[in-house]
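Undergrad: Here is what each chain is made of, one letter per residue.
Protein chains: 2
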Amino acid sequence: MPRAVAGPEIERLIQLLARLPGLGPRSARRVALHLIKKREGLMAPLAAALTDALGKIVECRTCGNVDVRDPCSICTDPTRDRQVLVVVADVSDLWALERAGVLNARYHVLGGVLSPLDGVGPEDLNLARLVDRVHQDGVGEVILALGATVDGQTTAHYVTDLLRDLPVKITRLAQGVPVGGELDYLDEGTLSAAIRARTRM
Amino acid sequence: MPRAVAGPEIERLIQLLARLPGLGPRSARRVALHLIKKREGLMAPLAAALTDALGKIVECRTCGNVDVRDPCSICTDPTRDRQVLVVVADVSDLWALERAGVLNARYHVLGGVLSPLDGVGPEDLNLARLVDRVHQDGVGEVILALGATVDGQTTAHYVTDLLRDLPVKITRLAQGVPVGGELDYLDEGTLSAAIRARTRM
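The listed protein sequences correspond, in order, to chains A and B.
For reference, each letter of the first sequence is one residue, going 1454 to 1654 in our numbering.
For reference, each letter of the second sequence is one residue, going 1454 to 1654 in our numbering.
Since the hints were made in silico from the structure, they are not lab data.
Here a beta-carbon is modelled for each residue, glycine too, at the ideal position from N, C-alpha and C.
Careful: at least some of the hints might be erroneous.
Stated by the list, open to error - Cross-link-like lysine to aspartate or glutamate pairs, in silico, DMTMM-like; alpha carbons within 20 Å at most:
id	chain 1	residue 1	chain 2	residue 2
1	B	K1490	A	D1523
2	A	K1490	B	D1523
3	B	K1490	A	D1640
Claimed, not checked - Computed beta-carbon distance windows for the label pairs:
id	chain 1	residue 1	chain 2	residue 2	range
4	B	E1576	A	A1549	44 to 54 Å
5	A	P1569	B	H1487	16 to 26 Å
6	B	T1624	A	R1552	49 to 59 Å
7	A	K1622	B	H1487	29 to 39 Å
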């Protein structure tokens, strides 16, 4: 344990910042110092934004999104296509798809993917609620927008099995060459998938 | 401007987090989501720590350190050697030296280094107060703990000139092979400095 060099208030701030993803003790100190230098311009607004978010943000009990209301603004948006339900692992994936802006559907956040190695089983994911929603809401298509990883694809197959007896079309994201991708930087798996799923010009 | 995907409270939090050093829009979203998931364990304590620090932390008018009191706890520490004053560019350097724990002296934070390219001149640094302190406090040695960069060394020479007429010994940090450093990874400048300053076994 290195000697504490600043007062307990600063040390406490550094310790908490070091627990943020992507930050370690060294970058946490740098962030703390930056905040102290920009107290009016950044530290005060950040403290206020955190306190504000803390009081308002809740998890949507319908889909698992985070918002200031429950059900969330996506679930209650009357312009969204209620026929299509997009299954994602995490809220960050929901955000990524919303940024892409190609879908106008509703989502279902699983809260992770099946991962035997990390001890994540079906009971740890928001699966029962998914079956209920597909059943009750008369969903026509479930799009499995899960990562093209082993765990992601295992989860996709598990969800497909789970919904097998319901009258719903189940699709998954296409696999292939990413936009801007150069062939000689791509792995064999991606290239094989792209060739197998080739489309007519 | 990508479409806002979360409510204004979350977007505001992401925007502020993205202004922290080392974070960009993508990592700020990841941090925001992590905070939202750990609202009791991390978001609430962080909001409290920021608010606490905001109300308490001040800059020491004597040395430029940040602390909850002015003069700071280092300046007022009666066990510190008042004969030795360590000049550093930034509070982060002061913290680094305190962590090393080899000195029990007082500090003087310049608030940067001279940098013609960045438009930082002598008037931007805390130099007048340094001359006053050396003069009034009867300091015996000034250690210039500045980076071994062009700007750092320019600043070291400038400070040496500034204190020339005062009866004080001025020293700087040794240059050489860093502890754990392998020779074939070091630049020629460091190797030359290490050879010139070689010491007897």
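Undergrad: For each hint, tell me whether it holds in the structure or not.
TA: Evaluated hints:
no.	hint	verdict
1	K1490/B to D1523/A	holds, 16 Å
2	K1490/A to D1523/B	holds, 16 Å
3	K1490/B to D1640/A	violated, 34 Å
4	E1576/B to A1549/A: 44 to 54 Å	holds, 48 Å
5	P1569/A to H1487/B: 16 to 26 Å	holds, 24 Å
6	T1624/B to R1552/A: 49 to 59 Å	holds, 55 Å
7	K1622/A to H1487/B: 29 to 39 Å	holds, 34 Å
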